[in-house]
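2 protein chains.
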Amino acid sequence: MKESIGKVPGLAVILVGQRRDSQTYVRNKIKACEEAGIKSLMTELPEDCTEDKILSALSSFNENPSIHGILVQLPLPKHLDEEKILNMVSLEKDVDGFNPLNMGNLAMRGREPVFIPCTAKGCIELLLRSGVEIMGKKAVVIGRSNIAGLPTSLLLQRHHATVSILHALSKNPDQITRQADIVVTAVGVPNLVRGHWLKPGAVVIDVGTYPIEDPSSEFGYRLIGDVCYEEALGVASAVTPVPGGVGPMTIAMLLSNTLDSAKRVYDIT
Amino acid sequence: MKESIGKVPGLAVILVGQRRDSQTYVRNKIKACEEAGIKSLMTELPEDCTEDKILSALSSFNENPSIHGILVQLPLPKHLDEEKILNMVSLEKDVDGFNPLNMGNLAMRGREPVFIPCTAKGCIELLLRSGVEIMGKKAVVIGRSNIAGLPTSLLLQRHHATVSILHALSKNPDQITRQADIVVTAVGVPNLVRGHWLKPGAVVIDVGTYPIEDPSSEFGYRLIGDVCYEEALGVASAVTPVPGGVGPMTIAMLLSNTLDSAKRVYDIT
Numbered sequence: 000m001k002e003s004i005g006k007v008p009g010l011a012v013i014l015v016g017q018r019r020d021s022q023t024y025v026r027n028k029i030k031a032c033e034e035a036g037i038k039s040l041m042t043e044l045p046e047d048c049t050e051d052k053i054l055s056a057l058s059s060f061n062e063n064p065s066i067h068g069i070l071v072q073l074p075l076p077k078h079l080d081e082e083k084i085l086n087m088v089s090l091e092k093d094v095d096g097f098n099p100l101n102m103g104n105l106a107m108r109g110r111e112p113v114f115i116p117c118t119a120k121g122c123i124e125l126l127l128r129s130g131v132e133i134m135g136k137k138a139v140v141i142g143r144s145n146i147a148g149l150p151t152s153l154l155l156q157r158h159h160a161t162v163s164i165l166h167a168l169s170k171n172p173d174q175i176t177r178q179a180d181i182v183v184t185a186v187g188v189p190n191l192v193r194g195h196w197l198k199p200g201a202v203v204i205d206v207g208t209y210p211i212e213d214p215s216s217e218f219g220y221r222l223i224g225d226v227c228y229e230e231a232l233g234v235a236s237a238v239t240p241v242p243g244g245v246g247p248m249t250i251a252m253l254l255s256n257t258l259d260s261a262k263r264v265y266d267i268t
Numbered sequence: 000m001k002e003s004i005g006k007v008p009g010l011a012v013i014l015v016g017q018r019r020d021s022q023t024y025v026r027n028k029i030k031a032c033e034e035a036g037i038k039s040l041m042t043e044l045p046e047d048c049t050e051d052k053i054l055s056a057l058s059s060f061n062e063n064p065s066i067h068g069i070l071v072q073l074p075l076p077k078h079l080d081e082e083k084i085l086n087m088v089s090l091e092k093d094v095d096g097f098n099p100l101n102m103g104n105l106a107m108r109g110r111e112p113v114f115i116p117c118t119a120k121g122c123i124e125l126l127l128r129s130g131v132e133i134m135g136k137k138a139v140v141i142g143r144s145n146i147a148g149l150p151t152s153l154l155l156q157r158h159h160a161t162v163s164i165l166h167a168l169s170k171n172p173d174q175i176t177r178q179a180d181i182v183v184t185a186v187g188v189p190n191l192v193r194g195h196w197l198k199p200g201a202v203v204i205d206v207g208t209y210p211i212e213d214p215s216s217e218f219g220y221r222l223i224g225d226v227c228y229e230e231a232l233g234v235a236s237a238v239t240p241v242p243g244g245v246g247p248m249t250i251a252m253l254l255s256n257t258l259d260s261a262k263r264v265y266d267i268t
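Chains as they are written, first to last, in numbering that gives the first Met the number 0: chain A, 0 to 268; chain B, 0 to 268.
Calculated from the structure, these hints are not laboratory results.
Straight-line Cα separation of at most 30 Å, DSS-like style, residue types lysine-lysine; simulated pairs:
{"hint": "1", "chain 1": "B", "residue 1": "170", "chain 2": "A", "residue 2": "170"}
{"hint": "2", "chain 1": "A", "residue 1": "262", "chain 2": "B", "residue 2": "83"}
{"hint": "3", "chain 1": "B", "residue 1": "198", "chain 2": "A", "residue 2": "170"}
{"hint": "4", "chain 1": "A", "residue 1": "83", "chain 2": "B", "residue 2": "83"}
{"hint": "5", "chain 1": "B", "residue 1": "198", "chain 2": "A", "residue 2": "198"}
Chain B is nowhere near these chain A residues, computed Cβ spacing over 12 Å in every case:
{"hint": "6", "residue": "22"}
{"hint": "7", "residue": "26"}
{"hint": "8", "residue": "55"}
{"hint": "9", "residue": "58"}
{"hint": "10", "residue": "65"}
{"hint": "11", "residue": "128"}
{"hint": "12", "residue": "187"}
{"hint": "13", "residue": "200"}
{"hint": "14", "residue": "210"}
{"hint": "15", "residue": "211"}
{"hint": "16", "residue": "227"}
No residue lacks a Cβ here, since even glycine has one placed at the ideal position from N, Cα and C.
Assemble the whole structure, with the sequences as input and the hints as a guide.
Here it is in structure tokens:
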């Protein structure tokens, strides 16, 4: 794009507060932008910042024509109105795809979302690129967060899987999961999904991340997933690791959404 | 409302073409409005009418302060852009709840839709009023239409059921359905759900409607559902009939949404 029209895609990131996992995610996203030739702008705001400060940062990114994607790193500190803030992101720059209008279009047949939320898109991309058939297969999604579980369950349905959605109030989640050809888990409960939860040959995508102390790691902690990885390896035909599985794919999809957004603006097909 | 503030809720209905099932539905809705003291306005347009004609009718209803709900009877003739037309209905008057922004808010945790789509709301109301527990129960929704299957699956999730969504490409739908405590079917395939599809004691809600010729009926046809009713009665603990089950509840919810909308406008709690 830079060579053909002399412009590059631009991503703006807003990070509020000092959560170390959020800092890691944002750092990785910025680094990935640099490597991919995407311009990134970052606004860091203190934990106790006012809603107005964030809205004003958002508004300037919304108006900035060199910015094609805006990302508000979640979760936000509790005193802030997450819904109000996310709704302020211009629909055309909502590369996370969290706007309810976008989510509704993802859910509805015959409609097209402007952006597919990155984690969901990353999970399906992993399946497609690994040659896993989705159509007609039984898929279980564990967790129903707006960020991961919900959009993944909707996107699996768009690919014609038969989807069941499990959550904390589901009874016998192991029995239901054991029927699935594809398992996506996104709850952040370490070792929730044991080997006996899985059907032999199932494909398992672990979206869960839970930080545990690890003095030997560069930043003093490391992330672990929802799946008991060693047990799952013995039963499943494929399991994504944490870290190194869905995380990098999510970042890749963020870049892909930002690039798509820039292409739309500059009318490049 | 009429006695307290001298105003009544108003519902506008747009019917395009001559489909006899649509005519029946609209007739029933208008009649229900009359009985409930809701003012109804109806615009009938010919099968071959232009999009502009419909948009102009919609626009006048959007601006009419005595109209609190607007309903475009679906399906529309094929030459019309259903998405574009439905998106023109003001969000505050979209008593059918089919706007994607509304659907997104129904899907997302922590968000509130302005209106819950009538069929879905009717199904859940039937369950609640019959004392059927939803939380933690296994529910199967057969069909994923924007009108019925999708919003019902989302609303069941809001009530914390463990939901599986089946469709034409699902394998072994009988086996999956047989695990469910609550079955909602909404596909329009007569006798799809047989007795052996059901778990003993399951609660079955039949949203399906399929018109068959019946010279003995007032209008020359009658509607039948997705469920093999006689067989289901022997297995399930409860089965809604067609007609007379979900249909009247859907209409009741339409009136309820229209009333809620008027209350919002006139600031009555």
